[in-house]
Structures are given as C-alpha cells and as structure tokens.
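Sequence order for the protein chains is G and U.
Residue numbers for the first sequence follow my numbering, beginning at 110 and rising by one.
Residue numbers for the second sequence follow my numbering, beginning at 307 and rising by one.
It is worth saying that the hints were derived from the structure and are not from the lab.
Beta carbons are placed, not taken as given, at the ideal position from N, Cα and C, and that holds for glycine.
Among the hints, erroneous ones may be present.
Away from chain G, derived, C-beta distances all over 12 Å, residues of chain U [what the hints assert, rightly or not]: (1) K311; (2) K321; (3) R325; (4) L327; (5) Y328; (6) F336; (7) M350; (8) R370; (9) S417; (10) Y474; (11) K486; (12) A496; (13) K501.
Not everything, but these chain U residues come out facing chain G in the computed CB check (under 10 Å) [what the hints assert, rightly or not]: (14) H349; (15) C351; (16) Q353; (17) A491.
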Amino acid sequence: MAKDYALFLGCIAPNRYPGCESAGISCSKKVGINLHPLKGASCCPAPGAFGSIDLNVFMAMAARNIVLAEKMGMDIALECNGCYKSIWEVNHKLKHNDDLRDAVNEVLKTVKDPSDPSGKSDMEFKGTIDVWHLIELYYDPKVCGVEKIRDSVTRPLTGTRIGVHYGCHLLKPKKERHFGDTENPMWIEELVAALGAEPVQYRKKMQCCGAGGGVRGYDLVHSLDITNEKMINLHEAKVDAVTEVCPFCQLEFDRGQIEIQEKFGKFWGLPVLHYNELLGLAQGMSPTDLALDLHAVPVDPFLKKIL
Amino acid sequence: MARTKGYPDPKLETKLRDRYLYRTDSNPDFSKKVKDLSRTVSHMCFQCGTCTGSCPSAPRSSYRIRLFMRRNVLGLEEESLTDPDLWLCTTCYSCTDRCPRDIAPTDVIMSMRNFAYQRGIVPVNFLKTVQAIYQSGHGVPNNDVNRAARVRLGLAKDPPTTHSHPEYLPGIRQILDHYKVKAQADKIVAESEKKGA
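All chains should be built: construct the whole structure from the sequences, respecting the hints.
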C-alpha cells in the first residue's frame with residue numbers, strides 16, 4: 110500500500126539540482142511512496158551556519174518547518190543530510206526535552222499561520238510526526254525495500270562501478286541516530302547493487318566531503334583539500350561515478366571539482382550523482398528529464414556506459 | 307584553590323604552596339556555560355586525542371579539537387573564542403562517534419561558536435546565510451538558470467516553499483527578530499565591510 114509523506118525540499122536540491130527533486134517525486138511514486146509538497150517550508154535552516162550562530166534560533170526555525178507537516182498530519186520525507194540533521198534532530202530533541210520544547214513554543218506562539226483564515230496563531234510544536242530520509246525509506250522493507258527498488262529498474266546500470274558517499278549527518282552521531290555502524294556501513298551499497306551497478310569500496314569512505322560546518326564559505330581552499338582527498342581515493346578505486354544522498358555533498362563534489370581545477374590545477378572529471386538521479390536513470394528517465402546538464406562536471410562518460 | 311594559604315611562617319608558605327598551574331585568564335563559568343548549552347559532559351575529557359585523530363580538518367590546518375576540549379576544561383574563554391581555528395570544524399561528528407568518554411566534541415565547538423557570535427566574533431559568511439534566509443527563506447535562493455531548468459522538468463518555476471508562498475516569510479522574520487539575529491548580523495557585516503573598504 111502506498112504511503113504518504115510531506116516532502117521537505119530544503120534549498121540546494123530545488124534551487125541548484127532540480128533533477129534531484131523531480132526524480133525524487135517520480136521515482137518514489139513507482140515504489141509506493143507518495144510525496145506531497147510542504148507548502149511554505151523554508152531553509153531547514155543550514156545546521157552549520159545557523160547552529161554556529163545561535164542554537165535556539167536554529168531549533169525554532171526547524172520547529173516551524175516540522176509544525177507545517179504536523180498540520181498536514183504527515184511524516185516528513187527529505188533528501189538531504191543537512192536537512193536531516195536539522196529537521197530530524199530538532200524533532201527528536203523537542204520530543205524528548207520539555208524545557209527545549211517550551212522555549213521553542215514560546216516563540217512559535219507569536220508566529221501566525223497564513224493558511225489559517227481565522228488569523229489565530231497556532232504554530233505549536235506537538236511532536237506528532239516522524240522524520241525520514243528518502244534513502245532510509247527506500248531501504249526499509251516495511252515501506253519499500255531493496256526488492257521493490259530492484260523490481261522498478263527498467264534500465265539496469267550494468268557494468269558501472271560506483272563509489273558511495275554516505276555523508277555525515279545522516280548517520281552521525283550514531284548514539285543519537287538509529288543506523289548502527291558508522292565506520293563501514295554497507296546498506297546504501299545494497300541499494301546501488303539493486304540498480305545493477307557494482308558498488309565499490311574505497312579508502313576513507315566515511316570521510317566528510319569538506320563542505321559542512323560553514324567551512325566551505327569560511328575557508329574554501331581548506332574545504333576543497335578535503336574534497337580533493339576524497340577524489341584521490343575514489344580515483345584510486347577506479348569508479349565511474351560517485352553517488353551520495355545529500356545535495357550539499359553533491360555541490361561540493363560537483364562544483365568543487367571545477368574549483369579544485371582552478372585552485373590546485375587538477376581536473377578529476379568524476380561524475381557526481383545523487384541516488385535519486387541514479388534511480389531515475391535506472392528507471393528509464395532520460396538525462397534531460399533529470400537536468401543532468403546542470404552538473405558542473407559532465408556526466409556523459411557515465412551515461413555512455415549505460416545508454 | 308587558594309593561591310596563598312596565609313600561613314604566618316613564610317618558609318612554610320613557600321614549601322606548601324599550591325603547585326597547580328594557575329592562569330589568570332581562566333573563567334570557570336565558561337566551562338559551565340559550554341556544558342549547559344552543548345548538553346554534553348564536556349568536563350569529562352581526559353585528553354586521549356581520539357578526536358583530533360578522527361578529524362578531517364586536523365591534517366591540513368592547525369585546528370586541534372583536543373586543544374579546544376582542554377581549553378574548555380581550563381575555562382580559557384578568551385583563547386577559545388578568539389582563535390580563528392574555531393571555524394574550521396566541518397561538524398562531521400567523527401570525533402563524537404569515537405569519543406571513549408561519550409562526549410560530543412562537535413557540540414562543544416558549536417556552543418563555543420555561539421558564544422563567539424554573541425561577542426561579535428564570527429566570519430561573515432555565516433551571517434550572509436542569515437541575511438539570505440531573512441530575505442527569501444532560503445540559504446541558497448533560486449536563480450534564473452535554475453528556474454528555466456525547473457520549467458523544462460515540468461516543475462513549478464519556484465519550489466512550493468517560501469519562494470512560491472511569500473506569505474510565510476513574516477513568520478520566519480518574526481523568529482529571527484525574536485532572537486535579534488538579523489540585527490546582529492547586519493551590524494557585524496556592516497562593520498566588516500567598513501573595515502574592508
């Protein structure tokens with residue numbers, strides 16, 4: 110039976126890589142996940158930038174987004190690790206800490222809900238919903254599961270080698286999350302294998318992409334050096350593409366490669382694809398349907414192998 | 307710990323003096339403030355260095371998370387908040403996952419950044435994100451190239467977020483104004499631009 114979720118978009122997916130958004134909506138529909146737009150959502154807000162400045166305003170802003178979904182009566186599904194950190198974590202913290210919830214509701218009390226015609230402000234965090242990353246819904250047999258993903262494939266990505274970048278804020282810190290091992294998890298590899306591709310292990314798989322915590326904006330070269338280390342390790346493993354589940358990691362890997370060329374004089378040319386885009390290709394969507402031309406690093410070498 | 311014990315015999319005073327390392331700039335309240343905001347047992351650090359060993363920023367900079375953990379225990383507020391390395395943490399949480407004392411060093415850094423911000427010490431890129439969200443609700447707003455691509459994909463020109471529903475923006479501004487972050491951000495950005503000019 111199909112399940113319904115409120116789709117929390119975030120910023121980078123809809124505003125830089127719209128293919129992630131359109132593929133997310135149409136691919137998940139084929140495996141029994143219906144995504145409904147979360148009207149009036151904002152930035153999650155960016156956990157690095159906002160969390161660094163004021164953790165209270167970070168929580169209040171995230172809570173506002175959660176309340177919008179509570180009013181729809183649907184769990185939130187999202188497709189970005191940064192959003193997962195904000196939305197999932199704040200939802201979790203506010204559910205379990207009365208003092209934090211009271212402080213947030215004190216502020217939300219003053220916020221009016223424009224969809225409420227009576228003008229009565231009712232933006233109270235109640236803690237009635239859960240938050241999920243789309244990738245965990247894909248993997249969860251109760252919702253979708255690897256089998257269903259495999260059955261939905263019409264154009265298997267046979268013969269391609271793909272490195273998986275998990276990103277940080279989906280799995281870590283593991284004491285707060287529910288994914289278990291964070292040193293060498295293998296479950297996204299299972300989902301990649303279900304598409305017919307060969308998931309490849311590489312050195313320092315769990316290393317950060319380099320973008321988080323505001324470092325990309327604060328010290329670009331420092332951030333790119335971390336990215337470059339990932340590129341070296343991926344290149345060593347002879348992958349055809351790297352896949353991730355976070356548009357911010359995607360931005361860092363994709364546009365970062367152009368910046369690495371400018372700053373360090375080395376061009377890797379490694380195609381970067383969000384898992385949604387990969388799933389879209391495997392389900393037969395065309396590269397133009399996925400706006401792959403918006404990628405800074407051409408995806409063509411990878412496409413040649415599968416089209 | 308008293309620095310002098312007030313014994314009448316100066317010889318004994320010298321012999322029995324407290325030999326702990328004293329720093330005049332130590333502020334015990336700082337450690338407590340960090341602990342309260344970060345909600346982690348930050349005072350439990352025994353300096354094993356697993357955090358620095360796990361850190362992706364450490365090999366390419368002078369940023370040492372273990373040093374910040376020590377500064378926290380010693381209450382070295384000034385040294386912590388004015389160190390530019392404070393802003394090199396990518397918040398990857400590797401240190402938090404591996405800490406044998408169950409501390410979250412990442413959250414310690416985050417709360418130190420909060421206190422630095424309160425004193426006006428913060429890189430402007432963090433504040434520009436605040437200004438962007440105040441303006442449009444998004445940290446990374448839409449642009450024309452992307453709008454054209456969205457239309458091609460059969461999506462709405464602007465996503466169904468605050469971009470299509472600006473009536474939700476006053477609520478967001480209300481939250482940001484409540485904590486006075488927009489005013490503080492504008493002030494610091496203006497100051498830094500004046501300095502740069």
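Going through the hints against the structure:
The Cβ of K311/U sits about 42 Å from the closest Cβ of chain G, beyond the 12 Å cut-off, so the non-interface label holds. Every CB of chain G is more than 12 Å from the CB of K321/U (nearest about 48 Å), matching its label as outside the interface. The Cβ of R325/U lies farther than 12 Å from every Cβ of chain G, with a closest approach of about 38 Å, so its non-interface assignment holds. No beta-carbon of chain G comes within 12 Å of the beta-carbon of L327/U; the shortest separation is about 31 Å.
Its beta-carbon lying about 32 Å from the closest one in chain G, Y328/U satisfies the requirement of being farther than 12 Å from that chain. With a least CB separation of 17 Å from chain G, F336/U remains clear of the 12 Å interface cut-off, as annotated. For M350/U, the shortest C-beta to C-beta distance to chain G comes to about 15 Å, beyond the 12 Å cut-off, and the non-interface label holds. No beta-carbon of chain G is positioned within 12 Å of the beta-carbon of R370/U; the least distance is around 14 Å.
Its beta-carbon lying about 7 Å from the closest one in chain G, S417/U breaks the requirement of being farther than 12 Å from that chain. Chain G draws Y474/U into its interface by the beta-carbon criterion, the shortest separation being 4 Å against a cut-off of 12 Å. Chain G draws K486/U into its interface by the beta-carbon criterion, the shortest separation being 9 Å against a cut-off of 12 Å. Distance check for A496/U against chain G: the nearest CB is about 17 Å away, which clears 12 Å, and the non-interface claim stands.
With a least CB separation of 17 Å from chain G, K501/U remains clear of the 12 Å interface cut-off, as annotated. The interface hint given for H349/U is violated, since its Cβ lies 18 Å from the closest Cβ of chain G, which is over the 10 Å cut-off. Nearest Cβ of chain G to the Cβ of C351/U: about 16 Å, over the 10 Å cut. The hint is violated. About 20 Å separates the beta-carbon of Q353/U from the nearest beta-carbon of chain G, more than 10 Å, and the hint is not met.
Among the interface hints, the one on A491/U holds; its C-beta lies about 8 Å from the nearest C-beta in chain G, closer than the 10 Å criterion.
Hint compliance for this structure: hints 9, 10, 11, 14, 15, 16 are broken, all remaining hints hold.
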